[in-house]
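> Here's the letter readout for the chains.
4 protein chains.
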Amino acid sequence: MGFFVGKDREVRRAYGFDEIALAPGALTINPEDVNASWTIGNLKIDIPIIAAAMDGVVDIKFAQKMGKLGGLAVLNLDGVQTRYKNPAKILNEVACAPPETATALIQNLYKEEVKHELIAARVKEIKSAGVICAVSIVPKKAAEYGPIVQKAGADILIIQSTVTTVKHESSAYESLDFKNIISNLDIPVIVGNCVSYDATLDLMETGAAGILVGVGPGAACTTRGVLGIGVPQVTATVDCAAARDYFFKKTGKYVSIITDGGMDSGGDICKAFASGADAVMVGSLFARAFEAPGKGYHWGMATPDKNLPRGTRVSVGVNATIKQILVGPANLDDGSQNLAGALKTSMGSLGAKNIKEMQMVDMVIAPAIKSEGKLLQKTQKVGMGKK
Amino acid sequence: MGFFVGKDREVRRAYGFDEIALAPGALTINPEDVNASWTIGNLKIDIPIIAAAMDGVVDIKFAQKMGKLGGLAVLNLDGVQTRYKNPAKILNEVACAPPETATALIQNLYKEEVKHELIAARVKEIKSAGVICAVSIVPKKAAEYGPIVQKAGADILIIQSTVTTVKHESSAYESLDFKNIISNLDIPVIVGNCVSYDATLDLMETGAAGILVGVGPGAACTTRGVLGIGVPQVTATVDCAAARDYFFKKTGKYVSIITDGGMDSGGDICKAFASGADAVMVGSLFARAFEAPGKGYHWGMATPDKNLPRGTRVSVGVNATIKQILVGPANLDDGSQNLAGALKTSMGSLGAKNIKEMQMVDMVIAPAIKSEGKLLQKTQKVGMGKK
Amino acid sequence: MGFFVGKDREVRRAYGFDEIALAPGALTINPEDVNASWTIGNLKIDIPIIAAAMDGVVDIKFAQKMGKLGGLAVLNLDGVQTRYKNPAKILNEVACAPPETATALIQNLYKEEVKHELIAARVKEIKSAGVICAVSIVPKKAAEYGPIVQKAGADILIIQSTVTTVKHESSAYESLDFKNIISNLDIPVIVGNCVSYDATLDLMETGAAGILVGVGPGAACTTRGVLGIGVPQVTATVDCAAARDYFFKKTGKYVSIITDGGMDSGGDICKAFASGADAVMVGSLFARAFEAPGKGYHWGMATPDKNLPRGTRVSVGVNATIKQILVGPANLDDGSQNLAGALKTSMGSLGAKNIKEMQMVDMVIAPAIKSEGKLLQKTQKVGMGKK
Amino acid sequence: MGFFVGKDREVRRAYGFDEIALAPGALTINPEDVNASWTIGNLKIDIPIIAAAMDGVVDIKFAQKMGKLGGLAVLNLDGVQTRYKNPAKILNEVACAPPETATALIQNLYKEEVKHELIAARVKEIKSAGVICAVSIVPKKAAEYGPIVQKAGADILIIQSTVTTVKHESSAYESLDFKNIISNLDIPVIVGNCVSYDATLDLMETGAAGILVGVGPGAACTTRGVLGIGVPQVTATVDCAAARDYFFKKTGKYVSIITDGGMDSGGDICKAFASGADAVMVGSLFARAFEAPGKGYHWGMATPDKNLPRGTRVSVGVNATIKQILVGPANLDDGSQNLAGALKTSMGSLGAKNIKEMQMVDMVIAPAIKSEGKLLQKTQKVGMGKK
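Read top to bottom, the protein sequences are chains A, B, C and D. Following my numbering, the numbering of the first sequence begins with 6 at its first residue and continues without gaps. Following my numbering, the numbering of the second sequence begins with 6 at its first residue and continues without gaps. Following my numbering, the numbering of the third sequence begins with 6 at its first residue and continues without gaps. Following my numbering, the numbering of the fourth sequence begins with 6 at its first residue and continues without gaps.
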């Protein structure tokens, strides 16, 4: 199963979205007949596509619109929304900063303290639209903010950091008791991120309703370059989904696997489900919405780290509404719009009636296609030859 | 035979044209002595290279010229030719549209209805030149248009969509009865596209005379990016050809395997035959003909989809006649001209007397060569250093 | 040993120079103590690096200089040197042609007939400098020109075409009797090109003194793009060298394996020997000599083909003397100069005393290094950020 | 374990940093609790990151600052520092030379003789700051300079050339007796470079305290292009570390494995430790320091070779202090700053308390991520479309 990278050191090959493709078989289904919905706790969500808790992507209005369209957006409670009363002004500063000083500016702006009263206020603002409200906090604040969040009316709590494990050693502080925190809350708690079978099992034992899968794959994340750490998402999702299936067999409890990061198109989203995901979380694809607060820029939650920033402010431009991106109609054909439609069409073409069946479709290892690029190059040469 | 992409998930590696090369052995044949002809139904076609049913590639005159040169071109009966009395004007609009609005324009132009009288008219126009006439329709129109097409004198009917299977589930409409449709027609019917052994067998059982192989590989197709779906053509062709051989052993009926899409050069075409194809269908290579109606642009049949366009209007420029492209002489050395000559020269160099032998030549997995690029880069550096 | 590219179709992976690297071990040798010489027939050649029979690379003066430096250059007797009394003028025309008409111009210029009297004259011109004279002809002219060439005083005859096999079928002409042609000549005959074990054995049986190995790898060759044919040179050399070793064991006769094409640097040349070559033939590296007649351009022998040109006129610029390229000193560090010095230094670092030992050094499969490129990109970004 | 590159020739696949990634598991540690220190001889060094002995990187002041920050920098005693009394002037000349003449200029400047008095003087200058002093010399000067260096007060001696082996054959001079040289010195001696298990064992037998691992991977090194030689660093480090572990089991003596070259980021450094390194030596990352004498340029020790230069003067620009690069805080997020912080954060995320545990963390083979690039390209297209 492994490859030797040197004497006596056998390691696994891990695969990413660019390296696989889905293979249709002998059955197809009318896309209008497929069911892509997702259930977590008692909540049923029509479209299993979640906008990531990034300050450049999700603000109050964004979360409300996503909810009304049948999807879900997570508000980051550790960012500008809870540090500043008027986050729009701050976000504007980031968008206007020249590239070479953007990281330093972000580091500086995030030195402002998080304010308790803003946490509750933001949750209530989202709920005022009558949609499901999901918010995210960092592990070390989970015990403190969890009850505030629940009391304010949030429906889903996400506890998230770059790498999150139940077992954590520190001489300076006491380790987090995830089990205790989660059992004290009534709302479903999603925890992450992790990428291994064992870490997933540990996190499931704490009572988590969902697990975020993904370390180092995202577009706004430089974890792999800075720390050398990162597992491509197909392999990470397959492994963590295997832990989910084992846990379900053992306990009867079905915990959601949510692939988080690294998806650049509807095609990548389809591949995440085919790898075993119950839902996916994407950032950069939604950053291109006219309604996104980052105005075409987004950055990850490790960007503000004051000693070792590991996120990039990525410029993606804006070119569509949230609606176009989530449910279409698309006016671009590059896989960046009508993500829900793409998922259903893909499921139909692959003969998958629901997400459970989509998790079992055929995939092949296949190099990313570059045919188009080759042709375009030819064209340009021809064009040049004529001038 | 497979690779593990994660715990307990074993998948196959699939290969595309760029990854293989043909290996000459101990026998060569004078290219003038090789026979590359192809038989489907009672029709014998000298050159087994088919121009794809794309609106930017094939119109009436194009089909007539291809036929006279010994090849075959397919007219798309679901596009501008049957929606508009004067398609040239429409095609001109597409060619003149700026890149960022091209997809939306195409979506809009294809809202016009297909007209029955134009279907019959187009078939008769092609036949007036005394050549073999092949036309394509989408599955849901097969029962309706099939008889019209045959009555008008077409020689070959192609029923084609992105992924076509005999087994199809829908709550909104009744599934297509391919067997019935085909048995009611006297002309050979080619069905596709598919990429798997099982789906090919199913389609062969319906009485099809040929199967189109290829999902997601073409230059004007973004199926893989949008839906995550796509199987590289070498593997798809090998698999479907294996189904053909099994079906022939079982039934005595030889059904043609036609590799459709993803071929960018004469070299790719040769590889398709070496993978098991009886004929090939190419779009972009013919889009560069002076006679192509797209004036250097072409686009796929999923481009007009109103909710989820998955085709690109590709600009390839024009630089040769149909004759130069199909039978030469070539004045470019990049594999884009004299495709029939390239096939015969390749067969001679590989010691293959006919297509059956070409299907069994040696191939190796080999990375695409980039030597030329490396040298050119060196050159440019040298050049720059001197200025 | 193989990989499945589809159902029941198992093929080998073939490797090129970019994919391997040589691995030093526990012994090193002073480069001044290694012996890289090569013997063919009764001729001993100090430097086993041959300038290819390309019209843009080798003319009379070039061949004389190479010989005096201890190397060997081959004059093409099927090109401008034997078609035109004053080839310099013709070569100048090619060098001045704009890119888009170069292939057509070359096709046209090569329509001129080859003249018998020029064949003998060119051989005598080279010999007048007292160096070893090697010339090349195409197979179909071998019986006719062979005796002329020998009578004029040539030392080595090369019979060369894209793919050459002993077994060749044609209804229009009689197959070449290599055995008869070679036995009628007293000088050593080198035959090629081929890439397989069986074809090499066949050619060795004819009495050839050397075999040219390489189909489709060269910088001025588009065989792979046009015909789909090409085997990467590491695998081709290893296979043909295995045939040489078997033939030597069986007959006691040692036939040279000469890797021809695809080498872009001294490093690639070293890898060819490590793969089993006794000598190498390179074109583009010598095309950069101030003395090369192509003035910075070169093209392959299939470029002039009137129906299916498969060679490119490659522009490489000129930047060094033949002496600098062959034996140094180098003033560039990119592996394009002092090829003989690079070979000896590599042999020393790998602990190989002679070419026989060099053929057995350790190699590893390793991706081409791009570290430099990565750094340079960073630099440019930094630079841009500062402006 | 191997792959066949041709008949009967089985070779290993070797892996570089770009091809692997580190995989977090079920345990994490507070980065402030990890211990990354390194011991060689009786010296304990807090940060196991060494600035390479390159003239463009390390001068007296640089070495002093690195030592004070807890790291180590090696002064090259075979370069401009010992050939010229005023090296700053010479370094300035190199920095100002245009690219096409830089190699020739470096070749020329290094013709100046090394002066004994400057060797001792440089050592004393470094020691005057009270830091650990490490210097490097070439093997053929080891017997001559070793005692001078020790007498002047150096703490660590490095004997280094491109490929260094205990077994070396030469007819012109007597082979170096490493064992004798090392036993005559009291200070720890580090020897290299090598890449194989056997060569490492041989060098360890001589009494070396550390082994430099790396041939052909560095950014300023063109060994692989010129000589075809080079083993990617993950495999080289794993193999040499295996020799260390075997030698320790056999003799009880622990010899340090120091991965030298090819690391472009903190991530690559983390991967070197995960491959088995006890310390790492990097050049290009420190060349970007404001304090580096090369003013944004650096070059390797084989660049000055007068017949066969194999190093490039690489331009990297300058953008940070030594302190920012080594211990942060970082103001760039590309992995080029706060290398020690990155190592500790990575160790914490991977659950490794010390370097010994870091050598055993999980790694996977994974393609280099290009997600960011893909997105940026999209952005640019969008941007262009709007103008």
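Since the hints were made in silico from the structure, they are not lab data. Keep in mind that the hints are not guaranteed to be accurate.
Derived DSS-like pairs: lysine-lysine, alpha-carbon spacing no greater than 30 Å straight-line [stated by the list, open to error]: (1) D/Lys49 / A/Lys311; (2) A/Lys361 / B/Lys258; (3) A/Lys73 / B/Lys311; (4) C/Lys132 / C/Lys12; (5) C/Lys12 / B/Lys258; (6) A/Lys145 / A/Lys120; (7) D/Lys361 / A/Lys172; (8) B/Lys184 / C/Lys12; (9) B/Lys258 / A/Lys70; (10) C/Lys255 / D/Lys49; (11) C/Lys328 / D/Lys311; (12) D/Lys129 / D/Lys94; (13) D/Lys66 / A/Lys311; (14) A/Lys311 / D/Lys145; (15) D/Lys328 / C/Lys358; (16) A/Lys358 / B/Lys12; (17) D/Lys311 / A/Lys116.
Keep in mind that this is a model prediction, so the values were computed, not measured.
> Would you mind marking each hint as holding or not holding in the structure?
Right, here's what the structure says about each hint:
| no. | hint | verdict |
| --- | --- | --- |
| 1 | D/Lys49 / A/Lys311 | holds (29 Å) |
| 2 | A/Lys361 / B/Lys258 | violated (39 Å) |
| 3 | A/Lys73 / B/Lys311 | holds (23 Å) |
| 4 | C/Lys132 / C/Lys12 | violated (58 Å) |
| 5 | C/Lys12 / B/Lys258 | holds (20 Å) |
| 6 | A/Lys145 / A/Lys120 | holds (15 Å) |
| 7 | D/Lys361 / A/Lys172 | holds (20 Å) |
| 8 | B/Lys184 / C/Lys12 | holds (27 Å) |
| 9 | B/Lys258 / A/Lys70 | violated (58 Å) |
| 10 | C/Lys255 / D/Lys49 | violated (63 Å) |
| 11 | C/Lys328 / D/Lys311 | holds (15 Å) |
| 12 | D/Lys129 / D/Lys94 | holds (21 Å) |
| 13 | D/Lys66 / A/Lys311 | holds (28 Å) |
| 14 | A/Lys311 / D/Lys145 | violated (48 Å) |
| 15 | D/Lys328 / C/Lys358 | violated (48 Å) |
| 16 | A/Lys358 / B/Lys12 | holds (24 Å) |
| 17 | D/Lys311 / A/Lys116 | violated (55 Å) |
Comparing the model with each earlier hint shows violations of hints 2, 4, 9, 10, 14, 15, 17; every other hint is respected.
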